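**Student:** Chain by chain, the residues run as shown.
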Amino acid sequence: MCLGIPGQIIAITDADMLLAKVNVSGVKREVNIACIVTDDHPVDSCIDDWVLVHVGFAMSRIDENEATRTLAILEELGEVQQELDAMQQGAS
Amino acid sequence: MKFVDEFRDTGKAKSLTKAIHKIAQSLAPKLTKPLQIMEFCGGHTHTIFRYGIEQMLPDNIEMVHGPGCPVCVLPMGRVDDCIALAEHPDVIFTTFGDAMRVPGSKKSLLQAKADGADIRMTYSPMDALNLARKNPDKEVIFFGLGFETTMPSSAFTVLQAEREGISNFSLFCNHITTVPTIKAVLDSPDMQLDGFLAPGHVAMVIGERPFDFIALDYHKPIVITGFEPLDILQSLWMVLQQIEQGRNAVENQYTRIVHANGNTPALEAISQVFEIREFFEWRGLGSIDHSGVRMKESYAAFDAEKKFAVPNIKIADPKSCQCGEVVKGVIKPWDCKIFGSKCNPENPMGALMVSSEGACAAYFNNGYHERKTA
Ligand code: SF4
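Line order of the protein sequences matches chains A and B. Take any residue in the first sequence, count from 1 to its spot, add 3: that is its number in our numbering. Take any residue in the second sequence, count from 1 to its spot, add 148: that is its number in our numbering.
Treat the hints as calculated values from the structure; they're not laboratory data. Note that the structure is predicted; figures quoted are calculated from it, not measured. The C-beta atom is built at its ideal place from N, Cα and C for all residues, glycine as well. Any given hint could turn out to be false.
[Said to hold, decoys possible] In silico contact screen, one side only, chain B against chain A (beta carbon under 7 Å); selected entries:
(1) 163
(2) 357
(3) 405
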C-alpha cells in the first residue's frame with residue numbers, strides 16, 4: 004500500500020486548495036499538491052513537474068537528473084562487467 | 149512509463165546480478181551462515197516476488213521479509229473496532245481497499261459491508277472528505293492506516309476539513325511509525341540480520357537521518373531503496389559492498405525521490421496533527437513502544453476515537469501463529485506449522501497471510517506451498 008506511480012502535473016485546478024490535475028499514463032486525475040509546494044517552489048511553478056502520486060497526493064517531485072545519474076552508474080557497471088568477462092575469457 | 153520502464157531493464161539487471169554474485173563469492177569463505185538482508189517494506193516484498201529476485205540471488209544471500217505491511221500488522225481487535233464504528237446507524241465508514249479483507253475476530257470489513265454496514269473503499273482520504281461534503285447528514289469516518297508514507301495524506305485531509313469547517317468528517321487514526329518497529333526487530337534476542345533495505349517512501353517523508361541509529365548503534369548497513377527491480381538489486385549490491393568493506397552507513401539508492409531531509413511540508417502537517425502514542429499493539433509482534441501516533445487534543449473534533457465510543461477490543465493472536473519469528477527472519481514461512489494448511493490466503497490465521505505484501509501470502513501465492521527442497 005506504500006507504492007506510488009509517476010505522473011506529470013498538467014494544470015493547477017485550484018491554487019487556493021492546492022489542487023492540480025496530473026496525467027498518469029494517460030489517466031487524468033485531480034491530486035493535492037501540498038507536499039510539493041514551498042516558498043522556493045510556489046504553486047505556479049508546479050506545472051510540468053514529474054511527481055510521485057500516492058493516495059491522491061503528489062508526494063514528491065521526481066528528480067530527473069538523479070534518475071539519469073542512477074541509470075548511468077548501472078550502465079557503467081554493465082560495461083565494467085563485460086570487460087572483466089572478456090579479460091577472463093582471454094586469460095583462460 | 150517514464151521513471152518506471154528504465155528501472156526494469158533486463159540488461160542492467162543482469163550486470164547487477166553478476167556483481168552481486170561476485171561479492172557473495174568473495175565473502176563466502178568468511179561466512180558461517182547465509183547473509184540475511186531484510187527488506188522492511190511490504191512494497192519491496194511485492195517487487196521481490198513479482199520479479200523473482202530471490203531466484204537471481206546466490207545461495208548465501210537470503211531475503212528476510214519484514215513487518216512493513218501495514219495491513220498485515222492490524223490486530224484482529226482493531227478490525228472489530230472498525231466494524232463497531234461502521235455499524236453506527238449514521239456512519240459512512242471509508243478506507244483503502246487493502247484493509248477490506250483483513251479478518252477480525254468474527255468478520256472482515258468486506259463481510260460487514262455485505263451484512264449491511266455502509267462501508268466504502270476510497271482511493272484517497274480526500275475522497276472521504278468529499279463524501280462528507282456531499283452527505284452533511286451522515287458522519288464520515290476515514291480509517292487511516294499505514295506508516296509515514298500515508299500519514300501526510302491523512303494529516304492534510306484533517307487540516308483541510310478544519311479549514312472548511314467540515315464537522316461531519318473524522319479520522320480513525322491507526323498510523324504507525326517505522327523507526328520504533330525496526331528497533332523492536334533489531335532488539336529481539338534471536339535476530340540475526342546482516343543488513344537492511346530501508347523503505348523508500350517512508351524515507352521520502354522522514355528523510356535519511358532517522359535511520360542513522362541502525363548504522364551507528366546496531367552496526368548494520370542500510371540502504372534506502374526504491375521499488376522497481378533495478379532499485380532493489382542495486383541496493384542489495386550496495387549493502388553487500390558495505391559488508392565487504394566492513395562499513396555500516398545509511399546510503400540512499402533512491403535519490404530521484406528521497407532527499408536527505410525528507411519532505412518539509414509533509415513533516416510539518418504530521419507534527420501539527422499527530423502525536424506519538426505510548427505504545428501500539430501489532431499483530432504478530434505484540435505491543436511496541438512509541439510505534440503509533442494519535443491525533444492531538446486540538447484536533448479532537450476530527451478524531452473518531454473522541455467522537456465515538458471505540459470499544460478498543462483486544463484479541464490475542466492465535467497460539468499457533470509464528471508470524472513474529474518469520475518477520476524476524478528466525479524461520480521461513482513454510483516452517484510455520486500451520487502454513488498452507490490452517491493458514492492460507494483464503495483463510496488467513498496470521499498477519500503475514502493477509503495481503504499480497506505479507507511474506508507468507510507472497511510465498512504461498514508464488515507456489516511455495518511447502519518447504520522448497522533445493
Ligand atoms: S503461516 Fe500464517 S500463522 Fe504462520 S507465520 Fe505465516 S501468517 Fe503467521
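**Student:** Going through the earlier hints one by one, which of them does the structure break, listed in rising order?
**Tutor:** The structure breaks only hint 2.
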